[in-house]
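Colleague: Here is how the chains run, residue by residue.
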Amino acid sequence: MSERTLPRLDPNNRAYWTGGERGELMLHHCGDCDRYIHPPKPVCRYCLSENVAPKAVAKTGVVDTYTVNHQPWKPNMAVPFVLARVALDDVPGVYLTTNVVGCDPSEVAIGDRVCMIFEQHDDVYLPMAQRVGGAE
Amino acid sequence: MTREAYITGVGMSEIGVGLERHPLLLTTDAVKEALANAGLTIEQIDGVATYPGMSHGYPGFSPVGADDLIDTLGIKAKWYCGGGELTSQLGAVVEAALAVKAGLARHIICYRTVYEAAAMKRPDEYPMARSPRASGYNQFFAPYNAVSAVNWVAQYAMRHVHRYGLTREQLAQIALTGRANGCLNPRALVQKPLSMDEYLSARMISEPLCLFDCDRYSDASTVLIVSAGDALGDVTATPIRIASMAGSVNRLSWDQAEWMASYDTGPDLWTHTDYGPKDVDTVQLYDGFSFLTLTWLEALGFCDIGEGGRFIEGGQRIARDGELPLNTFGGQISAGRLHGFGFAHEAVVQLRGDAGERQIANSPKVAVAASGGGPLATALLLAND
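Chains A and B, in that order, are what the protein sequence lines are. Just so we're aligned, residue 382 is where the first sequence starts under my numbering, counting upward by one. Just so we're aligned, residue 267 is where the second sequence starts under my numbering, counting upward by one.
Keep in mind the hints are simulated off the structure, nothing from the lab. Check the hints yourself; a few may be wrong.
Here are some, though not all, of the chain A residues that point toward chain B, as calculated from beta-carbon distances under 8 Å [what the hints assert, rightly or not]:
#1 Pro388
#2 Val449
#3 Gln452
#4 Leu507
Stretches of chain A that chain B covers, calculated by requiring three or more beta carbons in the stretch to come under 8 Å of a beta carbon on chain B [stated by the list, open to error]:
#5 435 to 448
#6 475 to 486
The beta carbon of each residue, even a glycine, is placed where N, CA and C say it ideally should be.
Produce the complete structure using the sequences and hints provided.
Modeller: Right, dumping it as structure tokens:
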């Protein structure tokens, strides 16, 4: 069983949390106004169209902001770790809160380019950010 | 003619960590004090408002619902509300003010009772509602161990550091000021000053926020009585007018909102009043995390956006004897996590000249009290006029 608290899957969020099985980052997209809706809902928050469906998006983006967490909030929580808010390329208005993995926490900075990778926990594929270069 | 709303009574229980006294009794302690303070009797109360209402989500977060208090005190209410879908904690006071302005009630008990420290000490009595999986907006945070609000506020703070150059020495002044003021508040949880060295050497919780940038779970109840302008004849205390109110929420999510709600609410506060920032004698601004206080100072126009760090640098300006005394009761960082209501309580005490040893000079007339500041924000302009 995963050390992490996992999301409960439902018809709205299933594509987002399981797209990683195929290596895809799936966000709800409006077929009428061409915008993205996150968190996923059965209706577009911009035009109220119900013509919304998950769509694969670019897995690259930039660290909008971040924090290095030092406090173990539960037993056996490994610290420090990086929490970041990632602004995805070509998906305006959507941010993903995630961990930046694969580097020393002290290396992360606002503006870092990242690529989303997936970490499997049971039936869930958590999108995680990996640095692909320094701040632009 | 428009009916005005006033705060006519304030009360507070003891503030503790791991108190044995039942949270309902802490609430009735604060109610009794507020009634005596206003010169009202319970028979004259005809409304109740609370944030966030009876809550089972986090142990001790809100253990006393309005239904319970109404039943306990035998209140014949003509209006009440208890809910979390408000523009933060002081949103309950806004609701009450609207109700008395509309003539739906004359005297409303507004309260916030917290019992988180006791609940943490006695988990058998106050168990965490465990769910094996996360849902709602928590599903986007919990898997990444972003489990505390400090993680969410810290990311806003880091943007401020990056964009405007906020330093730890500057931010420290919120905690240092609170702790200095708490020494003069007999009810404050911590009555010991904090030095810059202690602050700078404190352990990090979530960068750039350290231990002293965070308030501390406590057990307490705070009560404010909101009265209608045409019911002041019932009251013996000096009524404090709610001169303006503002609140905001855009997306109730800590990561999808572009920026913080305080920046919307602050300017709005001045659109409903002839008063402006220059008229304000003291500010009581939410410090669940110190960075929120700094954004309130900017949002309310006491300095430009991005200038908050330089505005509080050195601490003289926001000291009790400075030009803009801040959190004169110690804030939540020193007094304890009263969760929003302590700020309005202190504003009233100061505007009445009732603050004893910690009273600020020159008979203050106008104060701001604010709660929240992240995805939710509420500000009240209070005046002794």
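Colleague: Next item in the hint list is Val449(A). Is there a CB on chain B closer than 8 Å to its CB?
Modeller: holds (4 Å)
Colleague: Can you confirm whether chain B covers the region 475 to 486 of chain A, using C-beta to C-beta distances below 8 Å and requiring at least three such residues?
Modeller: holds (count 6)
Colleague: Using the nearest Cβ pair, does Gln452(A) come within less than 8 Å of chain B?
Modeller: This hint holds: Gln452(A) lies near chain B, its Cβ roughly 5 Å from the closest one there, short of 8 Å.
Colleague: With a cut-off of 8 Å on the beta carbons, see whether Pro388(A) makes it to chain B.
Modeller: holds (4 Å)
Colleague: Are there three or more residues in the region 435 to 448 of chain A whose C-beta lies closer than 8 Å to some C-beta of chain B?
Modeller: holds (count 4)
Colleague: Should the hint that Leu507(A) touches chain B count as held when the rule is a Cβ pair under 8 Å?
Modeller: holds (5 Å)
Hint check: no violations occur; every hint is consistent with the structure.
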